[in-house]
Structure formats: C-alpha cells, structure tokens
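Student: Chain by chain, the residues:
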Amino acid sequence: AQSVTQPDIHITVSEGASLELRCNYSYGATPYLFWYVQSPGQGLQLLLKYFSGDTLVQGIKGFEAEFKRSQSSFNLRKPSVHWSDAAEYFCAVAMFGNEKLTFGTGTRLTIIP
Amino acid sequence: DVKVTQSSRYLVKRTGEKVFLECVQDMDHENMFWYRQDPGLGLRLIYFSYDVKMKEKGDIPEGYSVSREKKERFSLILESASTNQTSMYLCASLSWASGPGELFFGEGSRLTVL
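Top line first, the protein sequences correspond to chains E and L. The numbers in this note's numbering rise by one with no breaks, and the one at position 95 of the first sequence is 95. The numbers in this note's numbering rise by one with no breaks, and the one at position 61 of the second sequence is 61.
If we strip away everything but chain E, and leave its shape as in the complex, we get (with noise of 0.2 Å):
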C-alpha cells in the first residue's frame, strides 16, 4: 500500500540553528512529491514542491528539499530557523494522474529562544 511517513512527531530547535524534517515515501513509482506548513489557527500552505529534474528544490520562506530515490525520502531543510517558523509541517506525495494527496502525521517545530 501506498504510504508517507514523518517520523519525527515534535521537534525543538533554538532559533537560529539549522532544521531538518525527515519524510519518507512508499510507492511503485516516484510520486510527485510536496512539503506544506499549518501555522496555528490556519490552513496549509505550499512550500515547495518536486515533479521531476533538480532534486534540490527552493520553497518559499528559505525552505529547500532535497529528494533521493535511493533512499525514498523527500527531506526538508533551512539554515537558520526563525521565530516565526514555528508551526506543523507536512510532506504529501501524489501519483501522476491522480489528483487526491496523500499526507503524512505531520511534525510539529517548536523553536526556543
């Protein structure tokens, strides 16, 4: 069956440290692939985003991703986090022809002073 999975739940950085959100993948092929962002009290927003080509791709917000079929994975990363970065992310993944996304548990970032 076809699956995502974050297996980070929470994770706490200091502001100003390097992040990484780990997202992996199960499918037959390899699914266009998606990271988005909930802040608190909101709906979710596209980061960025991987169909094919450069497997290093540049999101909004200082967001990049880098994906490895080797490894079935489809990581998040930014340099230096901010404050406002704090939030619930989600790595989604869809087949191609097939509009419905498949999102992972999500992992919420907590930054600490």
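The reader is advised that the hints may include incorrect statements.
Below, computed lysine to aspartate or glutamate pairings styled on EDC-like, alpha-carbon distance capped at 20 Å [as the list claims (entries may be wrong)]:
id, chain 1, residue 1, chain 2, residue 2
1, L, Lys57, E, Glu99
2, E, Lys100, L, Glu56
3, L, Lys55, E, Glu15
4, L, Lys55, L, Glu72
5, E, Lys100, L, Glu30
6, E, Lys100, L, Asp28
7, L, Lys53, L, Glu22
8, E, Lys100, L, Glu102
9, L, Lys3, L, Glu30
10, L, Lys57, L, Glu22
11, L, Lys53, L, Glu72
12, E, Lys100, L, Glu72
13, L, Lys71, E, Glu99
14, E, Lys61, E, Glu15
15, L, Lys18, L, Asp51
16, L, Lys71, L, Asp26
17, E, Lys100, L, Asp38
Source of the hints: derived by calculation from the structure; they are not laboratory data. Since the model is a prediction, treat every value here as computed from it, not as a measurement.
Once you've looked at the hints, dock chain L against the given chain E.
Tutor: Showing chain L alone in chain E's frame:
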C-alpha cells in the same frame, strides 16, 4: 489573491444533529476536497469532487456526504453527528495550472460534537 473560504470556524453541535460545513472558492477550480485533521493522524481525505455534481469517496467517507451544485461551492454534510466526528475539517481546491497537487486550503472548521 486566491481564496478558499469556510463559512464557520467553530461549531458546537449535539449528537444526532445534522451538520452542514460550507466551502467556497473563488479560483474557478474543478477539483475540491474535504479533509479531516486529527492529532497524530495527519489529514485524511473524506470526499472529493472533480466537477459539478460529481463526487468520489476518499479514505474515510463513512458518516459523511457531500454536495456540489455549483462549481465554486462544496458542502460537507454530517447526517447525524456523533462524538467521534469531533475534529478539524479542512476544505481545499486544486489547481493544475502549475502542475499537480497545488492544493489551496481554507482556514478550517473546528467541530465539537457533544
């Protein structure tokens, strides 16, 4: 600016009541979705619609129905609310203009069933 609007941010209902959650998008998108969000479970798809009057079941359709009479409006209906339907409900619409999967979300409707 694109917008998905959910009519109610917070609702409190009693067990057995019929509940309507309304969602309107102003982007002329064909595809609209209803997700349910619960802690530790992420987002789970309840129903989606790819055109007016068309609908398909998602992963957890039991206890829910939907209506799409106009392109811009997608309603989620709980025929007889139960306490296990207490949750955050998120509506989304989909654009293929810049590739698949760019969902635009509303701010959510938090439903409490007593």
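Student: Next, verify each hint and record whether it holds.
Tutor: Status of each hint after checking the structure:
Distance restraint check for lysine 57(L) and glutamate 99(E): the Cα-Cα separation of roughly 13 Å lies within the 20 Å cut-off, and the hinted pair is therefore satisfied. Using a Cα cut-off of 20 Å, the hinted pair lysine 100(E) and glutamate 56(L) holds, with the two alpha carbons roughly 11 Å apart. Our distance criterion of 20 Å between C-alpha atoms is broken by lysine 55(L) and glutamate 15(E), whose separation comes to about 45 Å. Restraint check: the Cα-Cα separation between lysine 55(L) and glutamate 72(L) comes to about 14 Å, which is no more than 20 Å; the hinted pair holds.
Restraint check: the Cα-Cα separation between lysine 100(E) and glutamate 30(L) comes to about 13 Å, which is no more than 20 Å; the hinted pair holds. Pair hint lysine 100(E) plus aspartate 28(L) holds up; C-alpha atoms about 18 Å apart against a cutoff of 20 Å. Between lysine 53(L) and glutamate 22(L) the alpha-carbon distance is near 15 Å, which keeps this suggested pair within the 20 Å criterion. About 11 Å separates the Cα atoms of lysine 100(E) and glutamate 102(L), which keeps this hinted pair within 20 Å; it holds.
Proposed proximity of lysine 3(L) and glutamate 30(L) is supported: the alpha carbons are some 14 Å apart, at most 20 Å. Simply put, lysine 57(L) and glutamate 22(L) have alpha-carbon atoms about 18 Å apart, close enough for the 20 Å limit, and the pair holds. Our distance criterion of 20 Å between C-alpha atoms is met by lysine 53(L) and glutamate 72(L), whose separation comes to about 12 Å. Distance restraint check for lysine 100(E) and glutamate 72(L): the Cα-Cα separation of roughly 19 Å lies within the 20 Å cut-off, and the hinted pair is therefore satisfied.
Between lysine 71(L) and glutamate 99(E) the CA atoms are separated by roughly 17 Å; this keeps the pair inside 20 Å, and the hint holds. Of the pairs offered as hints, the one joining lysine 61(E) and glutamate 15(E) holds, with about 15 Å between alpha carbons and a cut-off of 20 Å not exceeded. Proposed proximity of lysine 18(L) and aspartate 51(L) is contradicted: the alpha carbons are some 25 Å apart, above 20 Å. With a C-alpha separation of about 9 Å, the suggested pairing of lysine 71(L) with aspartate 26(L) holds against the 20 Å cut-off.
For the hint pairing lysine 100(E) with aspartate 38(L), the CA-to-CA distance comes to about 19 Å; that is within 20 Å, so the pair holds.
Checked against the numbered hints above, the structure violates hints 3 and 15; every other hint is satisfied.
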